[in-house]
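Visitor: Residue strings, one per chain:
Number of protein chains: 2
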Amino acid sequence: MRLIGKDEIEKIAIGAAILGTGGGGDPFIGKLMALQAVEKYGPIKLLSPDELNDDDFIVPSAMMGAPTVMVEKVPSGEESIEAFQILGNYFEKEITATMPIEAGGVNSLIPFALAATLGIPVVDADGMGRAFPELQMVTFYLDGINASPMVLADEKRNTTLVKAIDGMWTEKIARPITMAAGGSIMNAIYPMTGKQVKDSSIHHSLTLEEKLGDIILNSKHPIDELKAELHAIELFNGKLVDVSRHTDGGFVRGKVIFEGINDYAGSKSELEFQNENLICLVDGKPKCITPDLISVLDAETGMPITTEGLKFGMRCIVIGMPADNKWRTEAGIKAVGPRYFGYDMDFVPLEELNKEEA
Amino acid sequence: MRLIGKDEIEKIAIGAAILGTGGGGDPFIGKLMALQAVEKYGPIKLLSPDELNDDDFIVPSAMMGAPTVMVEKVPSGEESIEAFQILGNYFEKEITATMPIEAGGVNSLIPFALAATLGIPVVDADGMGRAFPELQMVTFYLDGINASPMVLADEKRNTTLVKAIDGMWTEKIARPITMAAGGSIMNAIYPMTGKQVKDSSIHHSLTLEEKLGDIILNSKHPIDELKAELHAIELFNGKLVDVSRHTDGGFVRGKVIFEGINDYAGSKSELEFQNENLICLVDGKPKCITPDLISVLDAETGMPITTEGLKFGMRCIVIGMPADNKWRTEAGIKAVGPRYFGYDMDFVPLEELNKEEA
Numbered sequence: 001m002r003l004i005g006k007d008e009i010e011k012i013a014i015g016a017a018i019l020g021t022g023g024g025g026d027p028f029i030g031k032l033m034a035l036q037a038v039e040k041y042g043p044i045k046l047l048s049p050d051e052l053n054d055d056d057f058i059v060p061s062a063m064m065g066a067p068t069v070m071v072e073k074v075p076s077g078e079e080s081i082e083a084f085q086i087l088g089n090y091f092e093k094e095i096t097a098t099m100p101i102e103a104g105g106v107n108s109l110i111p112f113a114l115a116a117t118l119g120i121p122v123v124d125a126d127g128m129g130r131a132f133p134e135l136q137m138v139t140f141y142l143d144g145i146n147a148s149p150m151v152l153a154d155e156k157r158n159t160t161l162v163k164a165i166d167g168m169w170t171e172k173i174a175r176p177i178t179m180a181a182g183g184s185i186m187n188a189i190y191p192m193t194g195k196q197v198k199d200s201s202i203h204h205s206l207t208l209e210e211k212l213g214d215i216i217l218n219s220k221h222p223i224d225e226l227k228a229e230l231h232a233i234e235l236f237n238g239k240l241v242d243v244s245r246h247t248d249g250g251f252v253r254g255k256v257i258f259e260g261i262n263d264y265a266g267s268k269s270e271l272e273f274q275n276e277n278l279i280c281l282v283d284g285k286p287k288c289i290t291p292d293l294i295s296v297l298d299a300e301t302g303m304p305i306t307t308e309g310l311k312f313g314m315r316c317i318v319i320g321m322p323a324d325n326k327w328r329t330e331a332g333i334k335a336v337g338p339r340y341f342g343y344d345m346d347f348v349p350l351e352e353l354n355k356e357e358a
Numbered sequence: 359m360r361l362i363g364k365d366e367i368e369k370i371a372i373g374a375a376i377l378g379t380g381g382g383g384d385p386f387i388g389k390l391m392a393l394q395a396v397e398k399y400g401p402i403k404l405l406s407p408d409e410l411n412d413d414d415f416i417v418p419s420a421m422m423g424a425p426t427v428m429v430e431k432v433p434s435g436e437e438s439i440e441a442f443q444i445l446g447n448y449f450e451k452e453i454t455a456t457m458p459i460e461a462g463g464v465n466s467l468i469p470f471a472l473a474a475t476l477g478i479p480v481v482d483a484d485g486m487g488r489a490f491p492e493l494q495m496v497t498f499y500l501d502g503i504n505a506s507p508m509v510l511a512d513e514k515r516n517t518t519l520v521k522a523i524d525g526m527w528t529e530k531i532a533r534p535i536t537m538a539a540g541g542s543i544m545n546a547i548y549p550m551t552g553k554q555v556k557d558s559s560i561h562h563s564l565t566l567e568e569k570l571g572d573i574i575l576n577s578k579h580p581i582d583e584l585k586a587e588l589h590a591i592e593l594f595n596g597k598l599v600d601v602s603r604h605t606d607g608g609f610v611r612g613k614v615i616f617e618g619i620n621d622y623a624g625s626k627s628e629l630e631f632q633n634e635n636l637i638c639l640v641d642g643k644p645k646c647i648t649p650d651l652i653s654v655l656d657a658e659t660g661m662p663i664t665t666e667g668l669k670f671g672m673r674c675i676v677i678g679m680p681a682d683n684k685w686r687t688e689a690g691i692k693a694v695g696p697r698y699f700g701y702d703m704d705f706v707p708l709e710e711l712n713k714e715e716a
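Just so you know, the sequences run in chain order G and Z.
Using the working numbering, the first residue of the first sequence is number 1, and each one after it goes up by one.
Using the working numbering, the first residue of the second sequence is number 359, and each one after it goes up by one.
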């Protein structure tokens, strides 16, 4: 157990944008919510998963929907609290801790705001090790843990308790509720025992995010250090020459084109995203494929850039990182591999795709 | 209190199709479900609203969605029971009776199947006095009674407990859940006290339906007797020459054209429907406008024809009936009048529209 204060939250917010792989929402709003809560209620306890008791009752807290919408429809924090109360009442159990469902974006920080307000700890773990757009895209799903009973709560005080037969159906039902609420909503989801969290989650992702943030803020060679820390491979270095995006069914879909500079002069890179960066091609050849992680960094500072933040003329370094081994299984690739997202290609690990260059 | 057996259900099914004003779903499926339940559990108690205690706990049971879908996706009955159990658990109260939310179509009969199975009575009342397509289109809504907490349950055993701030928001959230479930779903909705049902519902609509069914089955001059019983006005008598319909956002929308025969020779009538018949024009002039009721009857037998059943060449008599006075208020017309459905016209009572001819 250690305490998370304002400094740690600032760092986690930066690291969250790297693991967010372009999506998961700009952590800025989550950061503001978390900082405000710490200001008011004091620092938050961060528990390592191995500190959990098997019969602890843990409920992750998250925002669902298109992050671009959330920027204009900032949650008050009351929504998450209400969602928690309804789920706690449903189980007639006290919720002992919360945690992020995804390591990346706004959802890394939302649990901190809630935890500070309720005086409960946050578990240093998540269900993705990155960000993904759908709620069944978590290691918990691979391990047969149901996303529901889950509660969705909007800022108007509409609440919905969904009890679906599995994570896929929870997604199918929760997504249109999110759309009806205006495109983003807060939820309490994947209620789990301490044992389930220990067995199924990706451990210490918040600590990793904090470390990444620390590198960016304090290192003299942030990009090199990030690459070392993340076992990352540099995929491209270039200037952003085109970006297109549209909101469709609650997701932000789009494509970015970079023209190479320095070692990459004369080359072209295409980046496909659906909320998150999913495929990176260089001169038409795949260099990194979901579930492996793709992040776009400012070439100068190493600061991560979300898909919303991508603008013409930016100088960027694109890096690829190996996904957690849970995602590189047959079940993992079926759930979040390129074919699930509609790309007609097989998953090949980042290391193999970049062998020649390595 | 009186008992409802198979004969009564047969009659109610016919009357329900008349008050269903073309929509509410073909009562056939509801009838089968009710007959089956009576076969197994015996006759069902029908309570007059004035027999209710003020603190009774009454929960209407209904099908939501496009009736055309339900024909291919027949509910097992388990859905309604599960929805009831979840809502009862939520309130920690025993549900003392059920009732239809609408007098018309399949939803007149679904409460009987549930009541027989659970051994509870049905209240002889409803919230529309006819059928309407959206769940806030009930007298309860006009009286400020919330549609939620409501429970939706599909045949896959997905359930959702919606708690929205009002009936409009309940509709906005429940509709896409219905779509996600494949277009039709069962629900437990508008939980009310006995006092609320007494004050806000339209009384004795099931008994009226039974009477209408009896007329059609046993009268020698069914159409004349129906007109007398319903204070109905004959709007048209003609041959169906064109019908178009499409399913859109969970609703069946369409238009029918009749060419006049006998007294109406040389005239043309257009009927607009959105699940239910909403506007009847004769030679371009409105003759009946929602919330007033429009039913299409077989010219020979007086049997009501739902919008799904309308086919080229049918000989039909179209009748108009005055809506319950609760619908002819300013609030009622705002909720279910022609402008709500997108027609650029004001509501004028049936009697006035047909004054010259009367």
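Calculated from the structure, these hints are not laboratory results.
One should not assume that every hint holds.
Calculated pairs, DSBU-like style, for lysine-lysine (alpha carbon to alpha carbon, straight line, at most 30 Å) [unchecked claim]: (1) 692(Z) with 156(G); (2) 613(Z) with 684(Z); (3) 268(G) with 285(G); (4) 93(G) with 220(G); (5) 211(G) with 45(G); (6) 227(G) with 285(G); (7) 172(G) with 326(G); (8) 692(Z) with 172(G); (9) 311(G) with 40(G); (10) 93(G) with 451(Z); (11) 530(Z) with 585(Z); (12) 613(Z) with 553(Z); (13) 156(G) with 451(Z); (14) 255(G) with 268(G); (15) 553(Z) with 156(G); (16) 553(Z) with 597(Z); (17) 514(Z) with 398(Z); (18) 355(G) with 285(G); (19) 569(Z) with 172(G); (20) 326(G) with 227(G); (21) 239(G) with 227(G); (22) 268(G) with 227(G); (23) 403(Z) with 195(G); (24) 156(G) with 530(Z); (25) 597(Z) with 569(Z); (26) 403(Z) with 597(Z); (27) 334(G) with 578(Z); (28) 514(Z) with 93(G); (29) 195(G) with 239(G); (30) 613(Z) with 713(Z).
Visitor: Does residue 334(G) pair with residue 578(Z) here, judged by a C-alpha cut-off of 30 Å?
Guide: violated, 66 Å
Visitor: Does residue 172(G) lie within 30 Å of residue 692(Z) when you go C-alpha to C-alpha?
Guide: Judged against 30 Å, a Cα distance of about 33 Å means the pair is violated.
Visitor: Check whether the Cα positions of residue 613(Z) and residue 553(Z) lie no farther apart than 30 Å.
Guide: violated, 40 Å
Visitor: When you check the alpha-carbon spacing of residue 211(G) and residue 45(G), does it fall within 30 Å?
Guide: Given pair residue 211(G), residue 45(G) holds - Cα atoms ~17 Å apart, limit 30 Å.
Visitor: Run the distance test for residue 268(G) versus residue 285(G): straight-line Cα separation, threshold 30 Å.
Guide: Status holds; Cα separation ~10 Å.
Visitor: Quickly compare the C-alpha distance for residue 514(Z) and residue 398(Z) to 30 Å and report which way the hint goes.
Guide: Given pair residue 514(Z), residue 398(Z) holds - Cα atoms ~24 Å apart, limit 30 Å.
Visitor: Straight-line Cα separation of residue 326(G) and residue 227(G) no greater than 30 Å?
Guide: Holds, at roughly 21 Å.
Visitor: Hint check: residue 255(G) vs residue 268(G), CA-CA at most 30 Å. Holds or violated?
Guide: holds, 13 Å
Visitor: Quick one, are residue 93(G) and residue 220(G) close enough, alpha carbons at most 30 Å?
Guide: violated, 49 Å
Visitor: CA of residue 156(G) to CA of residue 451(Z), is that 30 Å or under?
Guide: Given pair residue 156(G), residue 451(Z) holds - Cα atoms ~27 Å apart, limit 30 Å.
Visitor: If you draw a straight line from the CA of residue 553(Z) to the CA of residue 597(Z), is it 30 Å or shorter?
Guide: violated, 47 Å
Visitor: Verify the proposed pairing of residue 239(G) with residue 227(G), using a straight-line Cα cut of 30 Å.
Guide: holds, 20 Å
Consistency note: the structure conflicts with the earlier hints numbered 4, 8, 9, 11, 12, 16, 19, 23, 26, 27 and 29.
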